[in-house]
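Top to bottom, those sequences are chains A and B. Mapping to numbering that gives the first Met the number 0: the first sequence position 28 is 27, numbers consecutive. Mapping to numbering that gives the first Met the number 0: the second sequence position 322 is 321, numbers consecutive.
Calculated from the structure, these hints are not laboratory results. It cannot be assumed that every hint is accurate.
Claimed, not checked - Okay, the calculated bits of chain B under chain A, using three or more residues with CB under 8 angstroms as the criterion:
id	stretch
1	83-90
2	203-216
3	271-285
Claimed, not checked - One side of the interface only, derived from the structure: several residues of chain A facing chain B at Cβ under 10 angstroms:
id	residue
4	Ser-69
5	Arg-126
6	Gly-200
7	Glu-203
8	Leu-223
9	Gly-231
10	Ala-241
11	Tyr-255
12	Leu-315
13	Leu-408
14	Asp-410
15	Leu-434
Said to hold, decoys possible - The calculated BS3-like cross-link candidates involving lysine-lysine, where the alpha carbons are at most 27 angstroms apart (straight line), are:
id	chain 1	residue 1	chain 2	residue 2
16	B	Lys-307	B	Lys-324
17	A	Lys-307	A	Lys-252
18	B	Lys-367	B	Lys-307
19	A	Lys-252	B	Lys-252
20	A	Lys-252	A	Lys-395
21	B	Lys-307	A	Lys-72
Ideal Cβ positions, reconstructed from N, Cα and C, are used throughout, including at glycine.
Number of protein chains: 2
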Amino acid sequence: MTMHHQEANLGVPRVTRILAEWVVNLQNDEIPTAVRREGVRTFVNWVGCAVGGASHETTDRVLAAVMPLSGEKIATVLGRVERLDPAHAALVNGISSHVLDYDDTHLKTVIHPAGPVASSILALAERRPVSGADFLTALIAGCEVACRIGNCIYPDHYTRGWHITGTAGVFGAAAAVGKLSGLDAQKMCWAFGLAASQSSGLREMFGTMTKSFHPGRAAQNGMLSALLAEAGYDSSERAIEAPRGFANVMSDKQDYAAITEDLGTRWEAALNSYKPYACGIVIHPAIDGCIQLRADLGDRVGDITSVKLRAHPLVLELTGRRYPKTELEGKFSVYHATACALLHGDGSPTAFTDEMVNDPAIIAMREKIEIETDPQMHEASVDVSVTLTDGNRVQKYVERAIGSAEKPLSDRHLDEKFTRQSTLVIGAEATDRLLAAARNVESCSDVAEIARASMPPGTASH
Amino acid sequence: MTMHHQEANLGVPRVTRILAEWVVNLQNDEIPTAVRREGVRTFVNWVGCAVGGASHETTDRVLAAVMPLSGEKIATVLGRVERLDPAHAALVNGISSHVLDYDDTHLKTVIHPAGPVASSILALAERRPVSGADFLTALIAGCEVACRIGNCIYPDHYTRGWHITGTAGVFGAAAAVGKLSGLDAQKMCWAFGLAASQSSGLREMFGTMTKSFHPGRAAQNGMLSALLAEAGYDSSERAIEAPRGFANVMSDKQDYAAITEDLGTRWEAALNSYKPYACGIVIHPAIDGCIQLRADLGDRVGDITSVKLRAHPLVLELTGRRYPKTELEGKFSVYHATACALLHGDGSPTAFTDEMVNDPAIIAMREKIEIETDPQMHEASVDVSVTLTDGNRVQKYVERAIGSAEKPLSDRHLDEKFTRQSTLVIGAEATDRLLAAARNVESCSDVAEIARASMPPGTASH
């Protein structure tokens with residue numbers, strides 16, 4: 000077995016070393032403007048989501064558990080009064096940014112890259128001051144590393160049951176923290192080795208608080224990997240491609256070229272997308288269509304007697320829950336999402352609260368919905384039609400839903416998404432200041448200021 | 000795929016729940032005396048190894064990296080003056096107890112159970128006082144959980160490239176910390192879920208400092224799992240057996256009966272063994288044989304002209320390194336170990352230092368060694384013969400090496416092993432006190448006192 004493995008590995012390129020050298024040598028001005036702009040959008044979206052999730056019960060519980068273990072409390076828990084040491088802050092911010100299922104998505108791999116990467120380096124920035132320009136480079140490098148490693152092993156790795164946001168994300172966090180810490184190529188390889196030995200997170204945990212734990216722990220683990228390597232703690236220098244390395248052990252597919260090809264010219268980090276709605280992405284076309292239909296209907300929304308949805312079969316397979324009872328179940332119910340979009344025009348986190356999921360008017364609307372699946376339809380399309388009490392039918396066809404690769408969220412829409420989430424947690428005034436600070440990250444001289452701007456009003460600044 | 004997985008899972012017993020209920024309900028007096036006695040031996044051996052590894056460079060480096068992140072420094076780093084918060088102490092003690100490759104072994108699965116389990120609960124005991132009797136129950140329960148989960152997936156899981164001490168050990172640590180924290184069965188299930196989502200560690204890291212990181216991080220991750228569950232952080236309740244749970248994702252073999260069969264009557268924890276020598280277990284027969292031969296030869300050791308070893312083929316496959324240059328390479332060189340046993344009668348950590356590996360007399364003896372492999376031989380057997388300058392041959396056949404399942408280390412030998420390691424680090428007097436304290440763990444009213452007894456002389460007590 001050993002011999003077979005070793006022979007099979009003879010022709011494998013040293014992707015760990017290549018990736019490490021690329022990250023170490025990357026200069027701020029080597030990243031094209033459009034890619035840096037997407038990096039800013041990734042950051043803005045992540046800050047909004049982390050603040051949005053800050054008041055969630057999941058965040059309360061992890062804070063209760065880790066507060067007694069925290070070191071010097073110099074790092075901000077976004078959107079909260081509590082502070083933690085940088086490693087625990089990375090954990091908690093990574094959790095809160097994912098808990099509403101509202102964060103960014105690299106669509107090719109379904110990785111949510113900012114959770115692991117941004118959470119680790121923003122927390123680090125409160126220990127080691129960093130400029131916005133360097134921060135943005137580390138963020139983009141980290142997302143690039145996570146997504147390229149994801150491309151190498153997706154889909155087999157994900158199909159097998161790994162939550163790829165955690166398993167690939169830990170490499171991105173290690174790369175980003177290592178970049179900001181000035182690791183040389185050898186130590187960056189060690190950081191990847193330590194990351195590989197912490198790569199974990201199972202899809203079985205979906206539907207529980209442990210799902211959000213994955214990006215948070217990946218952020219914290221990636222940070223620890225880089226800090227250990229910095230202290231001279233050594234590791235394998237071919238952790239990704241070795242016969243018993245990450246890619247062979249955790250996937251049946253290994254496309255190493257996907258890691259190294261066009262490195263620095265083709266940017267996976269620039270393919271990041273942002274959810275317009277706080278739920279499973281396959282429901283987004285239905286919500287988009289219903290919000291548009293609602294605008295057409297005006298007051299006649301109250302006259303709806305039946306709703307017919309035609310969509311790709313994945314919609315029912317993944318989100319066919321007819322009788323959701325909780326927030327989390329609501330996020331996986333196309334019936335609930337459709338009803339809420341028609342009645343309230345809402346697909347944001349406020350549409351998926353326990354209260355809303357159990358609201359009688361929503362439940363009544365849910366009963367009127369019928370869904371027909373059609374494998375010929377694109378996953379980003381939907382056809383919605385409603386019949387009214389007067390017998391009239393109104394119909395809306397969505398070719399590509401907002402937030403899809405072909406129809407990305409505009410900056411304005413991203414700002415609205417940010418504001419809607421953040422205002423609920425830290426109020427309108429602090430939200431405006433925070434959004435402006437996040438949007439201007441690249442010209443910021445000390446990124447820690449952005450983290451601190453997320454503290455609820457009245458919190459004593461540190 | 001999903002449907003297939005789900006169907007395939009219909010007949011699977013709820014092993015996560017069964018294991019959780021068993022741990023939660025286990026009473027001190029339900030563990031037979033012989034099993035508790037083995038638990039004490041496991042503990043004594045682990046304390047000795049952790050103190051023995053405390054002055055190793057690997058321990059220095061992890062301490063340098065984590066010290067700035069540490070919370071309230073209430074927990075002892077065994078054998079050192081530094082203190083850390085309990086989670087980081089679990090990490091560092093787990094590392095130092097493994098770094099000399101001298102710790103315990105559950106031979107069926109090659110799991111080193113005490114590293115993850117004892118490291119987590121001894122550190123916890125400095126935050127939450129615990130009696131020796133309760134501590135021992137948690138230690139045995141944790142080892143039982145780790146070894147049974149190991150039995151479920153071994154050997155496929157290990158062959159694939161997972162370092163099973165980390166991947167199964169994290170469940171043991173979660174069980175032990177959860178037991179001492181009084182978790183109910185539901186929260187214990189959550190702790191197992193969180194452990195499953197942190198289960199990690201690759202064999203690719205063998206030969207680097209990251210190998211020892213695995214038991215250390217498993218101890219820390221297991222502790223975090225139990226503390227999160229305690230705070231109400233929820234998770235899957237069938238993390239081990241679910242279609243996309245631990246056993247399916249991380250192994251092609253799932254023998255669930257091995258987890259639940261004879262639970263509480265057959266004790267895997269009692270099958271723990273302790274290495275007499277500080278190196279790969281396949282070399283132990285050779286060392287044993289050479290030490291015996293050396294006693295027979297007396298002064299004639301200097302007259303050896305050639306050495307012939309007949310052993311199982313695994314010996315050369317795993318430890319065939321002819322020209323080791325470093326301590327770690329020495330541990331994987333049957334040539335070095337044989338030479339050192341013949342010349343110095345030593346198989347303890349002092350036999351595997353960089354200095355010893357590069358010693359000219361040892362190198363000269365290495366050159367005289369020839370090895371013949373024989374697949375008919377038992378892995379615990381060896382045949383050694385030496386030829387002397389006068390042409391005479393002296394031979395020694397070892398049927399079963401010391402430390403093997405059939406020839407376990409006596410208490411006296413364990414004490415010697417402890418003393419030899421510990422004296423080098425904290426001196427003879429402190430070693431005597433510490434050994435006595437560890438041996439008396441079961442009658443101790445506050446286990447934290449044992450941890451504190453490991454501090455080097457002159458250290459101010461807390």
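Coverage of the stretch 83-90 of chain B by chain A (three or more Cβ within 8 angstroms): It holds, with 3 qualifying residues against the three required.
Holds or violated: Lys-252(A) with Lys-252(B), Cα cutoff 27 angstroms? holds (20 angstroms)
Report holds or violated for chain A covering the stretch 271-285 of chain B, Cβ cut-off 8 angstroms, minimum 3 residues. violated (count 0)
Please check whether Gly-200(A) passes as an interface residue: C-beta within 10 angstroms of a C-beta belonging to chain B. Given a least distance of 5 angstroms, the restraint on Gly-200(A) holds.
Pair hint Lys-307(B) and Lys-324(B), alpha-carbon separation not exceeding 27 angstroms: holds (23 angstroms)
Would you check whether Leu-408(A) satisfies its interface hint, that is, whether its CB is within less than 10 angstroms of any CB in chain B? violated (29 angstroms)
At a threshold of 10 angstroms, is the proposed contact between Tyr-255(A) and chain B supported by beta-carbon distances? Not OK, violated: Tyr-255(A) not within 10 angstroms of chain B, min 15 angstroms.
Per the CB criterion, is Gly-231(A) less than 10 angstroms away from chain B? holds (5 angstroms)
When the least beta-carbon distance from Ser-69(A) to chain B is tested against 10 angstroms, hint result: holds (5 angstroms)
Under the criterion of a CB-CB separation shorter than 10 angstroms, is Glu-203(A) in contact with chain B as hinted? holds (4 angstroms)
May I ask you to test the interface hint for Asp-410(A) with respect to chain B, counting a Cβ-Cβ separation under 10 angstroms as satisfied? violated (35 angstroms)
The hint names Leu-434(A) as touching chain B; please verify it with the least Cβ-Cβ distance against 10 angstroms. violated (30 angstroms)
Consistency note: the structure conflicts with the earlier hints numbered 3, 11, 12, 13, 14, 15, 17, 20 and 21.
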